Amino acid sequence: MTILESIGSVRESFRADLDSFPTDQREIDLLRSKYFGRKGLLADLYILLSGLSNKEKPKAGQSINSLKKELQKEFDRKTASIAGPKHVTNDQLLDLSLPGYPITNGSIHPLQQTLDEIKGIFKSVGFKVAYGPEIEDDYHNFEALNIPKHHPARDMQDTFFVEDNVVLRTHTSNVQIHLMEEREPPLRYIVPGRVYRNEAVSYKSYCLFHQIEGLYVDKNVSMGDLKGILEYFVKRFFGESTTMRFRPSFFPFTEPSAEVDIWDEKREKWMEILGCGMVDPNVFDNVGYDSTVWHGYAFGMGIERMAMLKYGIDDIRLFYQNDVRFLEQF
Amino acid sequence: MRVSIPWLKKYINIKQPTAELADMLTMLGLESDAPKKPTFSGIVVGKILKAEKHPNADRLSLCVVTDGKEEYQVVCGAPNVDTEQIVAFAKVGAVLGDDFKITKAKIRGERSYGMICSERELGLSDEHEGIMVLNESAKIGTNFGDYLSSNLHYLEIDLTPNRPDCMSHVGVAREIAVKTGTKINYTPAAERKFKKNEVADILSIKIDDKNCCPRYVAGVVKNITVGPAPDWMRELLESAGQRSINNIVDISNYVLMEMGHPTHIFDYDKIPSQTICIRKAKKGEHVMSLDEEQRKLTDELVITDGKKPIAIAGLMGGLESAVTDKTKNVLIESAYFDPITIRRSAKSLGMSTEASKRFERGADPEGAVNAYWRVVELLEELAGGEWVPGMIDAYPKKIKQKQIILTREKIDILSGCELSDSFVNATLSNLELDIKKDGKNKWICTPPSFRPDLEREVDLIEECCRVYGYDKIHSNFHYAGLYDLAEVDPEDVLSKIVIAMSGLGFRQCYLNSLTDENTAGLLGNNAIPMQNPLSSAMSHLRTSLYPGLLQTVNHNIRNGNANVNLFEIGKEYKTGKKNSEIYHLTGVLHGDWISKSVHNDEQRQTIHSLKGKVEALFNRLKIKNISFSTTEHTHYKYGLSIALGKSVIGHCGKLKQSILNNLDINADEIFGFDIELKSIIDAMKNVVKYSAVSPYPKVGRDMNFVLDKNTKTADISYTVLNAGGQILISVKPVDIFQHKSLGDNKKSVTFHLEFQSAVKTLEEAEINSAMNDITAIISKQFDAKLRD
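Protein chains in written order, with my numbering: chain A, 1 to 330; chain B, 1001 to 1788.
Just chain A, with the same shape it has in the complex:
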């Protein structure tokens, strides 16, 4: 092997080591002594050099020197990048315009934030929070809520069936029944949860969404109380200046029933935000409450819808796509 070939092979070996440059300081030190140490590869080259003829020496010597410089430079650059800041930290030369270190940020899903906010509002006026099953029997999801089999009201909610008499709940109202079966009045609860509808997925409907149900049962409860709590909620959630409309509607488990719209300045139209009403006496009968003594109201709203209106989101699917470019905005 000629001296030039030896120089070449040291360079090659160094390149290979650069590619897998260690991050551990001790390994770096070992690598340093492999090339630059007293018994290192460069030292070996100088030993070879000393054995050459005087005629060959100058040229080979130059090559070894420039290799040494080159290796030193590369090595320093690599260690600098690992050992610490890559730029000058000398006080006088600090570039304060540089961005800070890249800190990985997390985020809380807009539906979670919306849910937490809504829960907070109702908790602050004395509502407790309860939960219930998503896989539900027909009785709790429909029959007990005054939606008998073969009733047109069943068309209002397309249902996923798990078994003949077991469904994925179509609303959180099933928990109304569980609560009243398990507890004595008076009651004041909100019930958040995931619900399902067997509907084609589009920008405005998804096969599942989240609801918050409210239930209040006491001796003297009126439509005025219902309107009052919802007005309070709407103003706290959407802002003091929000215009709200309370209009008659129909739900099998409330009578009288109502829907609440808020005025959307941008779209110039009323946007429906929730359904509500006075608990239907048939529902009370089904859970064994005396409907001549106890009265109550119930309401249910979609968390997605609230979040869409509040944040100006126009496609419900975005919530379930979880694109980082979406998530990082909240």
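None of these hints come from the bench; they were simulated from the model.
Given the structure is predicted, the values throughout are model-derived calculations rather than measurements.
Heads up, the beta-carbon is just placed ideally off N, CA and C, and yes, glycines get one too.
Any given hint could turn out to be false.
[Stated by the list, open to error] Covered, in the sense of this in silico footprint (three residues per stretch, anywhere, with C-beta under 8 Å from a C-beta of chain A), are these stretches of chain B:
#, segment
1, 1007-1014
2, 1370-1380
3, 1465-1478
4, 1556-1563
5, 1585-1599
6, 1606-1615
7, 1667-1678
[Said to hold, decoys possible] Under the rule of at most 27 Å between Cα atoms (straight-line distance), these lysine-lysine pairs were calculated in the DSS-like manner:
#, chain 1, residue 1, chain 2, residue 2
8, A, K123, B, K1069
9, B, K1101, B, K1069
10, B, K1622, A, K204
11, A, K269, B, K1472
12, B, K1622, A, K123
13, B, K1296, A, K219
14, B, K1740, B, K1571
15, B, K1624, B, K1577
16, B, K1712, B, K1637
17, B, K1037, B, K1069
18, B, K1596, A, K73
19, B, K1746, A, K39
20, A, K119, B, K1496
21, B, K1296, A, K149
22, A, K34, B, K1746
23, B, K1740, A, K34
24, B, K1357, B, K1009
25, A, K310, B, K1496
Start from chain A and add chain B according to the hints.
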């Protein structure tokens, strides 16, 4: 449902603009929308003066269009273009849709100054086969938007299922009248007297199932002439969105839209048995319905001629007995069918018709008779028919209106507003209830037969409230009094976990809990299938949160976000003895956990960056007693189980490539963890107890052991900590080094130890003694030696 304003005006005086009327009906509970006035600029009503073949193109026409002032040459590609047509003409400069601007053009050598539009180009419908041809009466030169809005005299009402009575113009007019305190101008067709029920000689009605068909009214009209319906009727039908067919069909549709009662008209001569028998279908029977579909019957209610079905009750007539151009004599059916029966038929046949929508919500049993007389009257008037005196009224199951007691007390409690006696009286009688005051605070009310939704006291209170106006109900907001807040939100702790996770750099996801069968079976078993899935992609409930998260990683990589830390708190669903829904916390990491910057190089996620985050989470949640141990797990190439005390609560590791491949995920190196939440939630109930902070100094020492390469560092740490006595408060590895100089199969590990006493400043000798103990124990137990 579309309601025509001109039609309503037959029964009630309407002065307000359509939009105001829509608002009023909405506030009465009939959610209504007035069509929006369309805006078009640069598009006018034009007339085609000339339409000739384009000299250089077979399929194009060269037209001359006028806007009343000027004439324009226009090249048109529509096959239906013709002279004298009145059309929507977009001039140069007009904009169609979002950004289609009409410009001057030269098409196959001919200049074109504008465009004659199709309905699709105008955004009105999908019709694009030809140009839109307007009414001949349209005024040339009018803005096209104005032309359209002059034809928009209708409302769209989204009716709730409890109001079948409002599925008609008279019904809607009645609502307006009640609200405005007026009366509608409508008298039902007069019942006719007859000496002898002649029709009984030529027709017999037999009801097999009186529960399914409580009432069937029928009669015959002879010598009718089938032809077009008169203009007034066609216009009203069209304004309500109904296409005109012929006078006979139109009469039945007209009566339906007028008073809401469905009727059916048979060709009498095609029922030679002169018998109508109403019964349940037998399995295997067929009937060809009017829409020319062969309907396979199972147990639907059908109208038969005594032998075979000739119509599906409440849904649709049969083709065989249908009225045709040649029909001479007709049989009128005006029945009241049981709502549930009709709904079942509609469901089982997958049909929904104008008739079935009304029957399944509850038709008017008395309306059956009224509708009969109305049809007879119109057949005479508009088809020159001769009524066969009489009417068959088979009414085996009388439907009686129930009396309802309404009390002042309940009105006051529920309404929360002051509804005076006179208001209640007026409202209920305007709604055509029969009311009697019984004592001071009680009414005895009988609702009209067309209001099947009024059954109980609360139903009447709702009537009063909605007519009074929900907007006038006074809002009560009084939260005096104490509420028992002892019951805390059981999911409060989830919020704490979410906050901790987001603090650790994870982004929270909400994922679909429905998935396909393959995915549901990939990382879990006993998936719950849907009986009626939306699609095969969403046929099962998920058994693990992993697939959704992994697919989300993939989605984000594809969209340019290669570094993603995601988590979800959600349920897994499994069958078993009982269906279960179990909360899990699952997270995934991919890419760099520290990204490259001017300050530093990137660092890739590793099993240890994952483990660090999981440890930090438990630390943040103040859950102690967490330990990790290496485990073989189906999800991971290599992984750790996570235990709380002695019970395993989850696992973490590097996800197997085969799983990623199975889910079509184009990424390697995804790390993940999965923890069942219940255990954490329970552990978080422990109240944190403060332990005193030592005021004496801490002393740090390093110890460096040369160990067998395979020795677990954690085992050494643990042993050191136990060997160091009370004064040793922490041990952690800070350096690992392997080199041939140490000997084959050896490694050197440096541990940093911290000593501190709670009661005094430590002396050198005490620390040295502890370190000697440690050296001795480690050397003995691990074949290790201390390195200088």
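How the hints compare with the structure:
Coverage of the segment 1007-1014 of chain B by chain A is violated in this model, with 0 residues showing a Cβ closer than 8 Å to a Cβ of that chain against a need of three. For the segment 1370-1380 of chain B, the stated coverage by chain A is violated: 0 residues have a C-beta nearer than 8 Å to a C-beta of that chain, whereas at least 3 were required. Counting residues of the segment 1465-1478 of chain B whose C-beta lies closer than 8 Å to any C-beta of chain A gives 10; at least three are required, and the coverage claim holds. Beta-carbon proximity to chain A at under 8 Å applies to 4 residues in the segment 1556-1563 of chain B; the threshold of 3 is reached and the given coverage holds.
Against chain A, the segment 1585-1599 of chain B contributes 7 residues with a C-beta closer than 8 Å to a partner C-beta. That satisfies the three-residue criterion, and the hint holds. Proximity of the segment 1606-1615 of chain B to chain A, defined as three or more residues with a beta carbon under 8 Å from a beta carbon of that chain, is not established by the 0 residues found. Coverage of the segment 1667-1678 of chain B by chain A is violated in this model, with 0 residues showing a Cβ closer than 8 Å to a Cβ of that chain against a need of three. A threshold of 27 Å between alpha carbons decides the hint, and for K123 (chain A) with K1069 (chain B) the separation of about 69 Å lies outside it, so the pair is violated.
With a C-alpha separation of about 22 Å, the suggested pair K1101 (chain B) and K1069 (chain B) falls inside the 27 Å cut-off, and the hint holds. The straight-line distance between the Cα atoms of K1622 (chain B) and K204 (chain A) is roughly 41 Å, outside the 27 Å bound, and the hint therefore fails. For the hint linking K269 (chain A) to K1472 (chain B), the alpha-carbon distance of about 21 Å falls within 27 Å, and the restraint holds. The straight-line distance between the Cα atoms of K1622 (chain B) and K123 (chain A) is roughly 26 Å, inside the 27 Å bound, and the hint therefore holds.
With a C-alpha separation of about 54 Å, the suggested pair K1296 (chain B) and K219 (chain A) falls outside the 27 Å cut-off, and the hint is violated. As the CA atoms of K1740 (chain B) and K1571 (chain B) are separated by approximately 51 Å, the hinted pair breaks the 27 Å bound. Taking the CA atoms of K1624 (chain B) and K1577 (chain B), the gap is about 34 Å. The hint is violated against a cut of 27 Å. With a C-alpha separation of about 19 Å, the suggested pairing of K1712 (chain B) with K1637 (chain B) holds against the 27 Å cut-off.
Of the pairs offered as hints, the one joining K1037 (chain B) and K1069 (chain B) holds, with about 26 Å between alpha carbons and a cut-off of 27 Å not exceeded. Note on K1596 (chain B) and K73 (chain A): the hinted pairing holds, with a Cα-Cα distance of about 22 Å set against a maximum of 27 Å. Annotation: proposed proximity of K1746 (chain B) to K39 (chain A) holds, straight-line Cα distance about 24 Å (limit 27 Å). A threshold of 27 Å between alpha carbons decides the hint, and for K119 (chain A) with K1496 (chain B) the separation of about 15 Å falls inside it, so the pair holds.
For the hint pairing K1296 (chain B) with K149 (chain A), the CA-to-CA distance comes to about 23 Å; that is within 27 Å, so the pair holds. Restraint check: the Cα-Cα separation between K34 (chain A) and K1746 (chain B) comes to about 21 Å, which is no more than 27 Å; the hinted pair holds. Restraint check: the Cα-Cα separation between K1740 (chain B) and K34 (chain A) comes to about 14 Å, which is no more than 27 Å; the hinted pair holds. Pair hint K1357 (chain B) plus K1009 (chain B) holds up; C-alpha atoms about 25 Å apart against a cutoff of 27 Å.
Taken as a hint, the K310 (chain A) and K1496 (chain B) pair is honoured in the structure, with Cα atoms around 24 Å apart against an allowance of 27 Å.
Hint violations for this structure: numbers 1, 2, 6, 7, 8, 10, 13, 14 and 15, all remaining hints satisfied.
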